[in-house]
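Asks: Sequence:
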Amino acid sequence: MLNPEINPIQLAHEPAAADAIADTAAWCDLSKAKGVLITVLHYRGGDTDLVLHVHEGAAASGTTAITAAFPIWYASDALTDPTLVRQADAASFTIDTGLHTGSQVVQFYIDAGILSAGCRYVQLGTSGGHASSIASVTYELVGTRYQNNEAL
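Heads up: the sequence shown begins at 1 in this note's numbering, then just goes up one per residue.
Be aware that one or more of the hints could be misleading.
[As the list claims (entries may be wrong)] Restraint ranges, calculated between C-beta atoms of paired labels, are given here:
| id | residue 1 | residue 2 | range |
| --- | --- | --- | --- |
| 1 | G46 | P4 | 31 to 37 Å |
| 2 | A60 | T101 | 32 to 38 Å |
| 3 | A69 | Q10 | 21 to 27 Å |
| 4 | N3 | D96 | 33 to 39 Å |
| 5 | L79 | L11 | 17 to 23 Å |
In short, the hints are calculated from the structure, not lab data.
Ideal Cβ positions, reconstructed from N, Cα and C, are used throughout, including at glycine.
Please take these sequences and the hints and turn them into a complete structure.
Replies: Encoded structure:
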């Protein structure tokens, strides 16, 4: 069973116009987790690609992109077929709205071990997107420890 006490979920950005999310998602602290599964739900209302990337920081601020490649999964028409298909590892992903219409789901797994030395926070960043497209972002922590204050 997937337990929200063991794998807590954080709303990183409420549903909003895809072009408004930009770099405004909440930051996620990985100091007491092995990693985070970042989920982006996107509904294509307009034909402007949405480019997804992940920031890292020693503090919860900045726009330094993670340069290491990470696992990515994608459902290009999630309402018709919700199957997430493994993509090539990369440091970013583009939802191609000229190619895919309807609803998409993108998931990234960020292992805390790929962060640069001294970094413990991550944030979903975006560019592009269309005002009539809607997107939302959640973080699901993996391998958390609540029982003590020691970082992993």
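Asks: Next step is simple, just say for each hint if it's right about the structure.
Replies: Here is what the structure says about each hint:
1. G46 and P4 have their C-beta atoms about 34 Å apart, which keeps the hinted 31 to 37 Å range intact.
2. Checked against the hint of 32 to 38 Å, the C-beta distance between A60 and T101 comes to roughly 35 Å, which is consistent with it.
3. One distance hint, 21 to 27 Å for the beta-carbon pair A69 and Q10, holds here, with the actual separation near 24 Å.
4. In this structure, N3 and D96 meet the distance hint of 33 to 39 Å, their C-beta atoms being roughly 35 Å apart.
5. A hinted range of 17 to 23 Å holds for the C-beta pair L79 and L11, which are about 21 Å apart.
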